[in-house]
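Residue numbers (the UniProt record's numbering), protein chains in the order written: chain A, 1 to 324; chain B, 1 to 301.
Source of the hints: derived by calculation from the structure; they are not laboratory data.
Every residue, glycine too, gets a C-beta built ideally from N, C-alpha and C.
Incorrect hints may appear among the rest.
[To be verified] Covered stretches of chain B, going by a simulated chain A footprint (3 or more residues, C-beta under 8 Å):
| # | stretch |
| --- | --- |
| 1 | 25-36 |
| 2 | 39-49 |
| 3 | 87-96 |
Chain by chain, the residues:
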Amino acid sequence: MDEPSATEQDSGDAPAHVIATRGLTKRYRGGQLAVDGLDLTVPAGSVFGFLGPNGSGKTTTIRMLMGLIEPTSGTARVLGRPMPRATRAVLPQVGALIEGPALYGFLSGRDNLLRYDAADPTADPRTRRARVAAALDRVGLTAAAGKKARAYSLGMKQRLGLAAALLQPRRLLVLDEPTNGLDPQGMREIRALIRELASDGTTVFLSSHLLDEIEQVCTHAAVMAQGRLITQGAVADLAAGARGRLVVTTPDAGEAARVLKEQGVGDVTVDGDRVTGEPPAQDLAEVNAALVTAGVRVRGFTLERASLEDAFVALTGEGFDVAG
Amino acid sequence: MSRAEALQAPAAPDAAAGPGRPNPLWTFGLLRSELVTTVRRWRTLALLGVLAAVPVLVGIAVKIETRGGSTAGPSGGDGPAFIAQITNNGLFLVFTALAATLPFFLPMAVGVIAGDAIAGEAGAGTLRYLLVAPAGRTRLLLTKYTTVMAFCVLATLVVAVSALIVGALLFPLGDLTTISGTRISFAEGLGRALLIALVVAASLVGIAALGLFVSTLTNSGIAAMATTVGLLITVQILDQIPQLHALQPYFFSHYWLSFADLMRDPVYWDDLVRNLGLQALYAAVFGSAAWARFTTKDISA
Ligand SMILES: Nc1ncnc2c1ncn2[C@@H]1O[C@H](COP(=O)(O)OP(=O)(O)OP(=O)(O)O)[C@@H](O)[C@H]1O
Ligand SMILES: [Mg+2]
Chain A
1 MDEPSATEQD SGDAPAHVIA TRGLTKRYRG GQLAVDGLDL TVPAGSVFGF LGPNGSGKTT
61 TIRMLMGLIE PTSGTARVLG RPMPRATRAV LPQVGALIEG PALYGFLSGR DNLLRYDAAD
121 PTADPRTRRA RVAAALDRVG LTAAAGKKAR AYSLGMKQRL GLAAALLQPR RLLVLDEPTN
181 GLDPQGMREI RALIRELASD GTTVFLSSHL LDEIEQVCTH AAVMAQGRLI TQGAVADLAA
241 GARGRLVVTT PDAGEAARVL KEQGVGDVTV DGDRVTGEPP AQDLAEVNAA LVTAGVRVRG
301 FTLERASLED AFVALTGEGF DVAG
Chain B
1 MSRAEALQAP AAPDAAAGPG RPNPLWTFGL LRSELVTTVR RWRTLALLGV LAAVPVLVGI
61 AVKIETRGGS TAGPSGGDGP AFIAQITNNG LFLVFTALAA TLPFFLPMAV GVIAGDAIAG
121 EAGAGTLRYL LVAPAGRTRL LLTKYTTVMA FCVLATLVVA VSALIVGALL FPLGDLTTIS
181 GTRISFAEGL GRALLIALVV AASLVGIAAL GLFVSTLTNS GIAAMATTVG LLITVQILDQ
241 IPQLHALQPY FFSHYWLSFA DLMRDPVYWD DLVRNLGLQA LYAAVFGSAA WARFTTKDIS
301 A
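Just chain A, with the same shape it has in the complex (with noise of 0.2 Å):
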């Protein structure tokens, strides 16, 4: 984003990135460098995925995006807005769940929602118990909103901590590892409402460490990794960024992977009748040809998709592991 952009955004009109950061990093006390010069758009309307493994920085990101903790330097801003000095202005219309749900077990789950909703000064009392109501229906939890929040299973704690997130028409959600716990059914229900709030035009910011999770609600992504940013950008092109991979069934595996290996396929694998590897530079048309002409039976010929994992890994290349 170049000057003029920033300060059409300091005059108020709804800015083209609910969240920009430039620089932004945390040093924890213990001298543990969390996030490191992090530059992080997010479009407005869309569902960023926030992708990494344990430990890459997701929940400091966003505690410093939520005014929690302060950056050792850098800047951040939500909705226009520089964080964390316009928390009061800016957080009444971003609903939150930081690392998991946190309740008051000793009150019920609708007591909990009170208290939280009691607790923004721009929530209007007069429909908080409709508000309330709504938000706890929206995720399922009628039933269960007078059972003390102590007695909930994880699932409800959850689901509860989302409410809490949705009391309120908000503009950006933050949603941190939301399905956690939860039971397939219930992940299913929170894609479906991630993609319901989106279509609203709410933006959603959902971090993760599930892939296929990203993949199959996000328009946007970034990858982290040791409190770096990896990639960023549209689901689909960081996808396409990773090659596919050529697929080739035949009864004739031995001379196919032969053929395939001269035709320049890398990390050719053999499985059964399967025969897979890294597409070459060159048309692959010519490949099929060559396999064809080498007197090898093909039943099947395909380029599989890359998917975000594949795209992972080519970019960290590694697994998804732990950074110690």
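Since the structure of chain A is provided, determine the placement of chain B with the ligands on it from the hints.
Frame of chain A, contents of chain B with the ligands only:
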């Protein structure tokens, strides 16, 4: 519909005003919630229960000891000698109960509530959700401060009212004799009892501010409570050591028992004023320290 409006709202001059204009009075919703939440904790109820039980125990003990007709009380103590008068007038149970609970039970209860105020929320993780609501750090701290002060008053009144009820049930009521030997009417006695209760509540402000400050230093409610109560005991002990007598006027507990001077005729104000001034000093110093700490603290729990 309403969400669409919310999206349009940024066109207004202040992008952050959100839909509708918030009423300034809504800010007190948090205080109400805090007061209700505090009183609904079983820990608060248990503390109040203990405080209410003290006058009952004292009253029964005095009743049993004097059943034979002898006058009660170990005479010769240098504390306020209210206990000897209980058998003549139940109202003295109020003064006795406050004198009995002020050195430890009352400040301990306040220390527990104050110590838990911020640290307990931090430990449970609810603090981060209050702050992203956004409660506002200064507003949240003021709310906690006010609630702890309200608890000081509530705890003192629980002792006083329990003592008044027990005193009325077990002993006669009527005109009473002040420490100076003059007679005052029962109505005036009641008035003085209320005044004493308020002074006792005000005496707890120092430890309340100290506890709140300690509470901003840690993410463990138990640690903050234990530290505050530990400080209370330490100060009480140090207040007894003659060699420290130059420091003692600055201990928050030093003038606590001055409330008895309200039972003199005329009232002897010097120590009462010193006590209230000292409590105000603690409230200002530790209140500011708590604010400085809490508004700059990383909330990472
Ligand atoms: N309060 C803290 N004090 C010191 N170091 C911390 C603190 N919180 C996190 N860290 C460190 O910062 C790094 C990033 O942690 P963070 O919680 O941001 O990771 P994450 O991406 O959210 O991981 P996960 O997927 O497990 O939630 C880790 O190395 C962690 O050990
Ligand atoms: Mg995390």
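Results for each hint:
Note: the stretch 25-36 of chain B has 6 residues with beta-carbon separation from chain A under 8 Å; the three-residue rule is met and the coverage holds. Given a C-beta distance limit of less than 8 Å, the hint that chain A covers the stretch 39-49 of chain B holds, as 3 residues qualify and 3 suffice. Coverage of the stretch 87-96 of chain B by chain A is violated. Counting CB-CB distances below 8 Å, 0 residues qualify, and the rule asks for three or more.
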